[in-house]
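Colleague: Got chain A sorted already, so can you dock chains B and C onto it with the hints?
Residue numbers (my numbering), protein chains in the order written: chain A, 1 to 446; chain B, 1001 to 1315; chain C, 2001 to 2280.
Because the hints were derived from the structure by calculation, they are not lab data.
Quick look at which bits of chain B chain C covers, simulated, 3 or more residues with Cβ under 8 Å:
(1) 1113-1126
(2) 1280-1294
If you want the ones that stay clear, here's a sample from chain B, every Cβ over 12 Å from chain C, calculated:
(3) N1061
(4) F1073
(5) F1077
(6) D1079
(7) P1080
(8) Y1083
(9) A1100
(10) R1227
Positions of the beta carbon are idealized from the N, C-alpha and C atoms, including for glycine.
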Amino acid sequence: MAPSRRTFLKGAGAAAALAAVGSPSALRRVLAAGKTPVTFWSVPFINGQDTKVFLPWFLKHDTLPDAQFTSDYGPGDYGIQQDKFLTQAKTGTPDILEGLWENMVAYVRAGTLSPLTSEFAAWADHGKFFPSTVAALTYNGQLYGVPYNTNARGMLVRKSILKHYGLKIPTTWAELLETASYITTKGQTEASFGPVLGMSGFGLCSKVSSVRGPQEWISWFFQLNHHLFKLDPTTKKWSLNSTPAEITKVYQLYHDLFYGASGKNLQAADPLYLGIDYNVLDEGYVTGKFAMVPEGPWMLSYQAYGGQSKYIIEQDTAIVPLPVAPGGGSGTYLEVKPLLLNKYSPNQAAGWEAIKYLASKPILSTWSTDSGFIAPRTDAQASDWWHKDFGALVPTGVALDPLNWTAVFDAIFKVLQTVVYKQATPSQAGTALHNNLSQLLARGVL
Amino acid sequence: MKLRLQPGPIPRALASVLRMPDREWFGYVLALPALALIGLVVLYPVAQGINLGFTNAGTLNPGQQSYVGLQNFQTLFADPAFYNGFPGASALVNSVTLTAIAVILELVLGTGLALLLRNKVPGMTFFRSVTMASWVIPVVATVMMFNLMWLPRYGLVNIILKDIGLGQDNAYWFGNLNLAMPAIIIMHVWRNTPFFAIALFASMQTIPSDQYEAAAIDGASWLGRFRHITLPGIAYVAMIMVIIHVLWTFNNFDFVYLSTGGGPVNATMILPVYVYLQFWHNYTSGYAAAAGVVMLVMLLVVTIPYILMVKETET
Amino acid sequence: MINRMTLPKMLGTYVLLFLYYGFFLIPILWLVLQSFKTNDAIFSGSLVPHWNELTLSSYQSLWQSSSSSIVTFLKNSIIIALSVTAISLVVSTLAAYGLSKYRIWGRRGLLIVLLTSQMFPGVLILVPFYTLILDLHLSNTYIGIILAHSILALPFCVWMLKSYMDGVPQALIEAALVDGCNKLNTLMRVVLPTALPGLAVAAFFAFIVSWGDYLFVSVISSSTSTATMPLYIYQISQSLISQWGQIAAGTVIIIIPVVILFALVQRWLVEGLFAGAVKG
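Pulled out of the complex, with its shape left as it was, chain A reads as follows (with noise of 0.2 Å):
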C-alpha cells in the first residue's frame, strides 16, 4: 500500500474511533441494563439552578422501573432549547423536555408535541393539580404538556438598606421612583452595606434578546389591563384589547425609572445597567448592586452560595407584590412551566412514565422545596417562609393569552430598546408597538 493510503486509512480510523467514544456512554450502560433510556432535557439542570441542590438527589432517586433518564439534559438555556428542538424533533431526541410556556406555543405550532389530553384525565393525580395552571397549558382545546413549576413575579426588597435609610416598602409606582432614585442618589457617594459602592435603587432586564425582560414587562402591563389580546367567539379571530395609551404608560414607567419623571432629574434605576439580563440582575441583587428588583422564587437558589449572598436571600430580602400603576389593580405575570413529550420520540409510553415521575408528589415537593419555586399541585406545597410569601403572590398572577408569545415579547422589546436608549418617547413608542402588533396579526405570525 502506497504510504499516503495508509496514513489516510490510519486517521480514518482513528476518526472513526473517536466518534464512537464520543458517543453517550450512558446510553450504552442503559442499553445493556434493558431500561429504555429516556432522555430529558431540562434548562435548570444545566444552567446553575438546581444542579447544586436538586440534581444530586434526583440522580440517586431515579426509580422508574421501565426506564432511565440518560445523562444529556440538553444545552442549557431556552432559547438555545427552543431552537434545537424545534428543528431535530424528528429525529426523536429528546423524548421528554420542559420549557416556558412560550416555547410550548412554538413547539405545538410546529407540530412536535403529543397531545396529553387523555392520558392526564385518566392519571389519578389530575385533581391534585391547580386548575388555572392546566387551563394555560390547553391549546386548542388539547393539553400539551403537564404542570410542574408555577410561580408569579413579585418584587425582592433589601430590608436592611430601606430601613437604614428609613424609607417604608413602596406600594405604587411613584412611590418606587422616589424610594429607589433617593437610595441611588445616597449610593453615588456612600458605600452602602459591602464592598460596593454605587447601589442602584431598582434594577431590571433591558438587553436585547432576553427572556427575562420582556416577562417583567408584561408583568406591568397586567397591573392596568388582565388581557392584551381579546379573541372574537364567533370568527376565531384574535385582535388587540388595548390601546396605545395603556401600552404607553408601561413604556412611561422604564422611561421614568432610568431618566427620571419629568421635572425630577430622579434615577431609580442607574443607567449604566442599561442592556443587562437576568444574570447580571439576579446577581447584582446578591451581591449588594440592586436594592430592589422584580424577581421569582428561584433566587432561593443563591443561597447555597455562601456569604454574601446567603445572608442576603435568608435574612435581608422581603418579598413583597409589585408596585402598582396608577389607576391599576393587582395582576402580575404567572408563569407556568410545562414538561413536555416529543411526538417523534419512539418511546411514548416511556416518556409519559417518566413525565409523571417528574410530577409526581415526592419529587415535586422536594424540587420546589430546593429550588424555590411553586409547586402546581395542593398536596406538594411547601411551607417555609419563602414560598409562602410567593405563594401568596400566585392567585394575582395572570396567564398569558394563548397566541405566539416569543415574537409579542420580541416585538416588545424591540420598541422598549427605543425608549430606553431614547430613540423615540414613550407616546410614541406605545403607538409603534400597537402598530406592530396588529401588523402581526394581520400578518398570521401569532
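Modeller: Just chains B and C, lined up with the frame of chain A:
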C-alpha cells in the same frame, strides 16, 4: 452563417482531460477528498441556501413552503433593521461600516507595527515572537476578555476612568448606544492587526536593501523612501491581506453575537447576525436565506478582483 | 534599510512598542489577574488586589460542578481538535501535492473553487448544512463537528501547503525521480521534509480553527456530551449563577493550549504562514 468547425467547450474539456498522461491523472485522485468534502459540505448547502431564499419556508409551518419569487428581497429592503433604518441601526450599512473601518485601521496600524519591527533594538525578538498572540485566541475568549475590560465599575477601562477623575463617564460599552460599535471595532482590530503586521513585515524583508541605499545616496527623505520603495514592495501582500480580512470581517458572526447580540437597538446589528436571528429567532428560513444571498452577492463584488489577481499570478 | 540606531530613535521605538504591545497584552494580563481574585475583590473595583484577595477557588469550582464540569468540555474540545488536525493535514497535504506537482487540466479552476469556498458566509450555509447533518444522523456526534471544522480549515491549509510545495526546487524532485522513486514516494521522502514548517503551521491553523469555533458547534451539538469549550464559556457567562471569577478562569483555560502551541510553532509562523502570501 458560420459553420461550427470547432468543437464546443465541453467536448474540448473532455478531450484535454482524456489526453492527460496516466500519471498526471493521479493528481485528481489526490485532490479528490478535499474537493469532495468541499463540494458536499459547502457548495451543495450554498446552492440549497440560495434556493431557499426564493421560498417562504419557515420552521413553524413545516411542509408548506412554496416559491415566492423576489418577495423576500422586497421585504428585506423595506425592513429598517436591514437597510435604511436610523443611521447606525441597519444591518447592511453597519456591516459595510464595520468592515471598512476595521480593515483600514488594521492596515494602517499593521503597517506601522511592521515598520517598527524592522528596527534592531534589544528585545525585538521577544516582541516579534509574541505579536500573533491575540490572533490565536478563540473569539469567545476575546469577547469575555473585553467584557472584563468594559463592565460597569469593575472593568479595567472603567476603573481607570474613575481613577483619573472621569468617573461619570463610566459605561458598559456593550450596552451603550454610542460605544457598542466602537467596542466591536476595537475587538476586531485587536485580533487582526498582528496578522497584517507580520505579513507586511515578512514582505518588507524581501525588498532588496540596495534600493534603500541608492535612495539615501540620492538624498531621499524617510517619507520619500517609504512612498517609493516600501509601499510598492508591500503592495501585493497588502492587497491580499486586505481582501482576506474584508471577507473574514464581513462574515464574522461570533464577535457581535457573543457580546451584544446585535443590540442595543440594532446599533451593532450586522448582516451575519441578522441572518442568524431570522433563522433561529423568527424561524423564517426563506427570508433569512434571502438575506444570506444578499451577503453573497456583496461578497462576490469584492472577491472577483481577488480571483483575477490570483489567476494572474498562476501563469 | 538604513537603520542606524540613534538614541532618540531607540527611545521612540520603545515608546511605540510599549504602546502597541500594551494594547495587545494588557487585556490578557487583566484576564489572568481576575481569574485569581475572589469575587468580592473583583466587585470592589480596585486596580491592584491585596495578597489576601488572591485565590484559586474560581478554578476549583469549575472542576467541581456536578452536571457541567469543565473536564467534559475540555475532553471534547481536545478530541475534536486533534481529529480535525489529523484529517485536515492528511487531506490537504494530498490535495496540495496533487494541485502542485501534477499537471492536471483545470488546475487553476480547482484552485479557485477551493479559495472561493472561503468566501461563503457561514450563516448562509448553516441551516442547509444542519439539515444535511440531521439527514445523515450526525447531529450531536463528534463526526458531524469534525466534518464542519475540517471544511473550515481545508481551504487555507491547501492553499498554504500548495504554495509551500511550489517552492520546493524542481531539481530535488528530479533527482528523486531519477533515483527510482515514483511521484508518490517523492512526496514522502523529499517534499514533506522540506515543507515541514508549512505542515506545522497548517496543523496549527487547523487546530485553532477547531478549538475556537462557536457557530458550527452551537448548531450541531445539543448536549454536554459533545459540547466544546467555546460553548462552555458562553454558557457559564449566561448562566443563572454566573460569577466573573469563574468566567475569567474558564477563559484562561481555553486560552492556555493555543498559547502553548503558538509558542512552539511561532518561529515557523513568519516563514510558513507567509510563504504563500509572499510568493503568491
